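Using the hints, build the complex out of the two chains.
Chains as they are written, first to last, in the working numbering: chain A, 13 to 161; chain B, 6 to 256.
Simulated from the structure, these hints should not be mistaken for laboratory data. A quick note: this is a predicted structure, and the numbers were derived from the prediction, not measured. Hints should not be assumed to be uniformly reliable.
[Unchecked claim] DSS-like, lysine-lysine: derived pairs with alpha carbons at most 25 Å apart:
(1) K167(B) to K40(B)
(2) K198(B) to K98(A)
(3) K79(A) to K160(A)
(4) K225(B) to K153(A)
(5) K235(B) to K23(A)
(6) K119(B) to K64(A)
(7) K221(B) to K153(A)
(8) K198(B) to K164(B)
(9) K119(B) to K98(A)
(10) K156(A) to K79(A)
(11) K119(B) to K221(B)
(12) K160(A) to K225(B)
[Stated by the list, open to error] FRET-style restraints, in silico, Cβ to Cβ:
(13) Q174(B) to G63(A): 54 to 60 Å
(14) E133(A) to G136(B): 37 to 43 Å
(15) I20(A) to D126(B): 19 to 25 Å
(16) K251(B) to S75(A): 23 to 29 Å
Beta carbons are placed, not taken as given, at the ideal position from N, Cα and C, and that holds for glycine.
The primary structure of each chain is shown beneath.
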Amino acid sequence: MVLTINGIRRKIEPDSSTDLLNVLRNNLNLTGSKYGCGEGAFGACTVLMNGKPARSCVTTTLSAVGKEIITIEGLEKNGQLHAVQKAFLETDPFQCSYCAPGMIMSAVALLEKNPSPSDEEIIAAMNGNICRCGTYLNIVKAIKLASKS
Amino acid sequence: MTINEYPPHPYEPTHTESPSIQGNLSALNRRKFFKLAGSGLAVVFVLQDLLSIAGSTNTSTTVLPASQVGAWLHIGEDGIVSVFTGKVEVGQNIRTSLSQVVAEELQVPFSSIKMIMGDTDLVPYDAGTFGSRTMPQMGTQLRKASATARAALIDMAAKNWKVDAGSLQADQGFVYDANLNRKISYAQLTQGKQLLLQIADDVKIKPATEWKISGKTVLKVNGSSFITGKHRYVSDMKIPGMLHGKVLRAP
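One chain only, chain B, in its complex shape (with noise of 0.2 Å):
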């Protein structure tokens, strides 16, 4: 299923409504990914199919309008695979969700997702989180974005021991050939690499009847910072010069 087939919803801008320049990240390019993220492999999800627009394939001069941006993802020279999305938890369990989106089409642990949400420094444009949308729009748009990922990393792996990626296998962050009984990391695959992939809505990801982690139920990602007291909300925020409102009444 793809996004498309989804009907508008009531409260969901279009594309035309939104700001054409958002914050730090007006327009996105592969210096300005890689001097966040650091070297490794990007994958960004893009709402219309840029390259056809542009005419180009060559990710290193292609600019994306940040409009168009509805997700990323990046997988680090340490294996770490930090997912920027505008979604926020409020409780929803979307950060596990939206995590076993990711590690079910990657191919890769739990512990290994950083799941950067609603940092407006960092992450694309984002209507909001309401009405039930994270999970039909934001997670569609990560399965396509891992998925093309997992594709990216298991092509890497093929072209290194020079077989044909048809014959390998990813799992727990992986690649793996069977028949030479070997294995290599994605960690070690994107190393010194800064590669950028941009991806449209075409795709291809797992059926559901496929899926081994996702819509199973699992526990929070993030549950001892909670029973701990050190996960923090915003109320606990303390930000340089940061001022505090109140709303005073008569009494």
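For reference, chain A alone in the conformation it holds in the complex (with noise of 0.2 Å):
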């Protein structure tokens, strides 16, 4: 089995997990992604498929297969950070920041299909993004200065 991740192509062993997360972090050692609730409620999963948010923990490696996978690790492009990353570093909205990985994926798939959305938009489309820490009106901000880089 081969999958496309960050633009690499890696080759995983047949008998690997059946869930993406697990061979993100088990497999190929790409633990930016986290395990929060392995339902797809938590959101600390979310990686890019094909450019759209997906929840690592309840997609199957093989329905991965022949799409663009980009994780967090995969963000930065030449040493420099992605535009969403520098806006939630320079607003520093997290507590923990176990969260962080996921947020940042579901707010660059936003910031893509929708390049300066109200806030009313930034919350509909962060509504599975969990944070437990609390910090949501600090990851509002982040993201809206994203939306102004």
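Okay, here's the thing in structure tokens:
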């Protein structure tokens, strides 16, 4: 089985886990994507699949074959942070930051579809990402900042 | 304010409840410190004045019981300041706020501070990170350790230049002599030395009204590691021979 992750073709053992998150974290050591609930409700495992946000814990490895998968580790280009990462770094919205990778991936997907979203549109698009520290207002601020860059 | 002015915390074990032997650091001496950290200047915060107990000021032979060490810091020959504390970062941003304390009292840039937190092979015994005790207790201990190191470095520079220590100032990892327009880095001052200083509770620290770095809102010192996915949480760590446990419940 071959997966295309962050622009690199990676061979995966056929007896690997059936969910994409496990393959990313355990086979490929890409631990930026986090395990939250294992049922797609928390959002910390979010990756981009063909540009759309996907909860990797409930995405089968098989269904990811042939798709472009981008994880948090793949957002930096030539040592340059993605505009969304820059905005999150500058705003410093989080406390523990465990949800950060998923939040950032969802925000990247949102801004690609809608480069200048309203607060309501941000809240609607980010509804599947949970922050147990409760830093939501700061997260909206970071996405607003990213939309201006 | 000294830590003794705070009432005992209901969940804080007394000194007598601390185990007398803790892991690798059952006793600390000069050799062990520099084997761990390399040459330079190490400052150890002790919870009681061990010098008076031992009746000796010979730091090369004094052995510190680890249960009495609260925190310690080390300034290496490369200018890197390593801070060893049993407190852990779980999103309350103490890696940053404790760095602010050290940067303030020691007068070094953030980028030169390395916080070693909760690595039980290296850090002093700690009862735990809870109850908002980090800043009043660990913050105060590191403030005193840093203040001691700064004063020692200024003294070293004064001896080096044969001038009065009172005419010198520390800033950004250097000691400055404004009169003769010269400076020397902490790294240069500690080169080839293995100095171990013990401090107790009574060292003089900066009053809060003079703080320039502490108490100010700053960004996380390691913010970029979180937004790039590089930060390794406990659940991201893989250790050779690691076993996994799981609670199995009846369906």
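Structure-based check of all given hints:
For the hint pairing K167(B) with K40(B), the CA-to-CA distance comes to about 32 Å; that exceeds 25 Å, so the pair is violated. With a CA separation close to 42 Å, the supplied pair K198(B) and K98(A) exceeds the 25 Å bound. The hinted pair formed by K79(A) and K160(A) fails the criterion: a straight-line CA distance of about 30 Å is larger than 25 Å. As the CA atoms of K225(B) and K153(A) are separated by approximately 17 Å, the hinted pair is consistent with the 25 Å bound.
As the CA atoms of K235(B) and K23(A) are separated by approximately 23 Å, the hinted pair is consistent with the 25 Å bound. The suggested pairing of K119(B) with K64(A) is violated, with an alpha-carbon distance near 38 Å, which exceeds 25 Å. For a cut-off of 25 Å, the pair hint linking K221(B) to K153(A) stands: about 21 Å separates their Cα positions. Between K198(B) and K164(B), the direct Cα distance comes to roughly 15 Å. Compliance with the 25 Å bound is thereby established for this hinted pair.
This hinted pair checks out: K119(B) and K98(A) have alpha carbons roughly 23 Å apart, not beyond 25 Å. Restraint check for K156(A) and K79(A): not satisfied, since their Cα atoms lie roughly 29 Å apart, outside the 25 Å limit. Between the alpha carbons of K119(B) and K221(B) the distance comes to roughly 20 Å, so the proposed pair stays at or under 25 Å and holds. For the hint linking K160(A) to K225(B), the alpha-carbon distance of about 23 Å falls within 25 Å, and the restraint holds.
At roughly 55 Å, the beta carbons of Q174(B) and G63(A) sit within the given window of 54 to 60 Å. Remark: the range hint 37 to 43 Å for E133(A) to G136(B) is upheld by a beta-carbon distance near 41 Å. Our hint of 19 to 25 Å for I20(A) and D126(B) is violated, since their Cβ atoms are close to 36 Å apart. For K251(B) paired with S75(A), a C-beta distance near 26 Å keeps the hint of 23 to 29 Å intact.
Taken one by one, the earlier hints fail for this structure at numbers 1, 2, 3, 6, 10, 15, listed in ascending order.
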